[in-house]
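There are 4 protein chains.
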Amino acid sequence: MSAFAILLISCQDQLGIAAKVTSFLAKYEGNIVDIDQHVEDNKYFMRVKWSLTEFGLQRHEIKEKFELEVAKTLSKTEIHLYFTDAKPKMAIFVSKASHCLFDILARQDAYQIEIPLIISNHQVLEPIAKAFGIPFFYLPITKENKAEMEQKQLELLKKHQVDFVVLARYMQILSEALICKFPNKIINIHHSFLPAFPGAKPYHQAFNRGVKIIGATSHYVTTKLDEGPIIEQDVARVSHSDSIKELIRQGKDLEKIVLSRAIYNHVNRKIITYKNKTFVF
Amino acid sequence: MSAFAILLISCQDQLGIAAKVTSFLAKYEGNIVDIDQHVEDNKYFMRVKWSLTEFGLQRHEIKEKFELEVAKTLSKTEIHLYFTDAKPKMAIFVSKASHCLFDILARQDAYQIEIPLIISNHQVLEPIAKAFGIPFFYLPITKENKAEMEQKQLELLKKHQVDFVVLARYMQILSEALICKFPNKIINIHHSFLPAFPGAKPYHQAFNRGVKIIGATSHYVTTKLDEGPIIEQDVARVSHSDSIKELIRQGKDLEKIVLSRAIYNHVNRKIITYKNKTFVF
Amino acid sequence: MSAFAILLISCQDQLGIAAKVTSFLAKYEGNIVDIDQHVEDNKYFMRVKWSLTEFGLQRHEIKEKFELEVAKTLSKTEIHLYFTDAKPKMAIFVSKASHCLFDILARQDAYQIEIPLIISNHQVLEPIAKAFGIPFFYLPITKENKAEMEQKQLELLKKHQVDFVVLARYMQILSEALICKFPNKIINIHHSFLPAFPGAKPYHQAFNRGVKIIGATSHYVTTKLDEGPIIEQDVARVSHSDSIKELIRQGKDLEKIVLSRAIYNHVNRKIITYKNKTFVF
Amino acid sequence: MSAFAILLISCQDQLGIAAKVTSFLAKYEGNIVDIDQHVEDNKYFMRVKWSLTEFGLQRHEIKEKFELEVAKTLSKTEIHLYFTDAKPKMAIFVSKASHCLFDILARQDAYQIEIPLIISNHQVLEPIAKAFGIPFFYLPITKENKAEMEQKQLELLKKHQVDFVVLARYMQILSEALICKFPNKIINIHHSFLPAFPGAKPYHQAFNRGVKIIGATSHYVTTKLDEGPIIEQDVARVSHSDSIKELIRQGKDLEKIVLSRAIYNHVNRKIITYKNKTFVF
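Chains as they are written, first to last, in our numbering: chain A, 938 to 1218; chain B, 938 to 1218; chain C, 938 to 1218; chain D, 938 to 1218.
Rather than coming from a laboratory, the hints here were simulated on the basis of the structure.
Some clues are possibly wrong.
Said to hold, decoys possible - SDA-like, lysine to any residue: derived pairs with alpha carbons at most 20 Å apart:
(1) C:K980 with B:N968
(2) B:K1067 with B:P1077
(3) C:K1182 with D:K980
(4) C:K1002 with C:E1015
(5) C:K1138 with D:P1132
(6) B:K1024 with D:R1186
(7) A:K1138 with B:K1214
(8) C:K1207 with C:S947
(9) B:K1214 with A:Q1142
Isolated chain A (complex conformation) (with noise of 0.2 Å):
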């Protein structure tokens, strides 16, 4: 397997952006298989990607070499490198419900990552983890006990190493200590199409509604619950004969399929996130 680099760029719009940044790639021989830009605001926003197989600058060369050439003739550069032969480490967060659990678990070949951990405040799906040969903490979560298991959380991910969080439903609040931590870096799966139906029971709300669609919505956690950058969003039709135990059930296939596909983008550096949005190049 080939690498390639990927560079997420994001600085304030001018004239040939675009040109400056394929003309410091052409310089060095770097072949670009895919470039998407947008601009909001004033703002220039641009994701390329390219082989690294005939690239004439080393990997520890790129960073410093694009701030010098393009990045200081630019204003506001803000600017991630990422090579698609690392891993980046995932932690899992679960409770009791373990379909998407397994779905993660299920496709963690195609997503090239690494998952040292999971970790729940239940045991329940303690035997999962073990099939699948990961370590498993239990850290149950009570009012009293929540900073100390936060505290203890933080720890183990810190211990593993873990770049970026994913709740697979997972049904606890994270305190705004742990969300700092990882800005745009946790991503939940919500059971409903956001902004509808935000917070506890969606089904349930939905039901009592009389939606004729249900929905999912994967998002970045920030300390504002389920208003996080939404990453994707998918739904299905349903009718007035579906039971909310119907809506479940239906909505545990949406969910699962919403929050691999929000892993994928994560994963392979598509997402920028701007203000309260992402752009999923």
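Given chain A's structure and the hints, the job is docking chains B, C and D onto it.
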């Protein structure tokens, strides 16, 4: 074209309702072409459609006979009887946007309806009404004259014996007085996936929230803005690269299709409303 | 969990069938929870589901009584009676692809089924079977031993009293001998939107044709390859930028969801087959 | 409204194409608003759109300068240059079905096109053409006069300087002579999910096959019936209870929406065709 009868039944749930209804129809040689039931909150709802071709009762006899032979053995029964060759009279309210109006008029024949009039608070769509040969009434509304104009609207609806009203992107909020005269008989199209983004400028709201899917919702109008029983919804996938203008453009197709399906279901007597929901059989 | 009975009826269309069936159930105090009918080619098809809780007949009496009191007054009647607390036995056939197998096993509880065995012509998925505690039989197939291996398959299915078979991306064509033993009881998943792209390498075919939407189709296996009655289909939007590899990746989610819905409908006795079609009630 | 230029480029793939194109535009102060590329079979395809507002070249200079400064350094280059304020002239061919025609005419303004004429082999839609003030030419076609009528069609298209043709459910097969005059410039709507159900009566075919989803496909017309490059497709879920008549009714909405999207993409110069496929940027 052969004619059919449609009976919508709501009653207290109990054993044997389907047997009673179908036996009644079998007794008079009514060939059932559609039968659907739904139970919610211990209440029973049924829609049954049968051929009138060989049916042994005259149209005017059906209701009385049914009440005598079936309904009186049930509890809290409410029935509505319709005939498929009766063309209901539909009024259309519009403002400036033409896409829903065009779509309705273009498929007029498919609906088996009559459109005796179009009412608008703007003059811009009058040429379309003329092209289709439908009387157009221009009733400009200001804060000051709103009550008076609604009175004129009511008179027009009464004079033309209107059965139900379609708000085809009519940009005025109806007053309670008008709504109460047409309970579950005023169909609105809202340009969002309700309950997300009620009220004004839903595409702007959707853009700012960064949703990945936009929607449209058709519902019966109640006195609570955008909160009436939902009849039909549909959605379309969008991306960050779609501007608000682009969302509006794409949304128009959703709006007209969703509204047309709602009208179709209403005209074909497929809908029973209960609480704030619809059962669409 | 209360138990229900499900009756699937096919007969010559005539007046009053619904009345006869529902009156029979009412007579013995069977509370109907689902009733659906369909008429095609002057033939009548019905699915009715009722509660056994207060039902006045013993399970073993139902069929005889129904035949005596209802079926004999109809013409060309064929009935199937099921009870929702009977767990049908499902065999899974796999080759190398794991996504459908994982998905089925992960939702095993939701199906109300037993999975007595997994049969494969490759060994690669045996660890998954073991992790879920299900007997795995490795029967490698060559041109020479195909008849012999199918004989072994049949013996295993018989020995484990298998009710129906799911081909979860099993990459061998079944012989007529095996298919005829399980009419409308072998469910396959084909990785295209049939009848487009039957046979081998459908994603390659789709890529070369330049379609904008890919699909998956679950159907009952007949002796005509990929031409059996379709149970369920679903689709996903793709673009020219999706490589064949990418179509395969995205298609896996379609395949597993479509197959799971087909199994769900089969297990819940929602399907009547007629000619080469299914009616999914 | 400010004007933009759109350049479609096809050439042999090589290093640095994007850099050359974007540097050319930057040199003359062309602000890029859209840039997309695709590589297939070692061939490179690009669509780039930039603002003409401050662009340093006159419109008539662009092509020559681009060829001199960029294209000649590439291999096997083919370019097409368009300006967004040029209104292409579109002819519509119809037969008896009105839904696509109505839909196109109703959204005429949104397209930035001119419709100089409508040609039909039936008279029934002439009133619609008149209502919209568009010249209507009735050219009835028989086996005997087909060559002669197509000659008249060609003369009309030439006389009205037509840029491209839309077959809005035109029920005649065009002859090779006409097709070859408008390569990738005749857009057809076929009422199935191609390649499933090509040819006549696709809804009948779909009904008989028992598919669970119907579709519509818009494609460029080639001399192979229903086999030209696909531009756009969409689908709708159906069930066994939908009669052929009902499939036709529901399909009409698919057809008109899919055709309108294809026209939109064509008019906005989003399409490059290669082999028998389209890249829709």
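field: Hints not upheld, ascending by number
entry: Going through the list in order, the structure violates no hint and respects every one.
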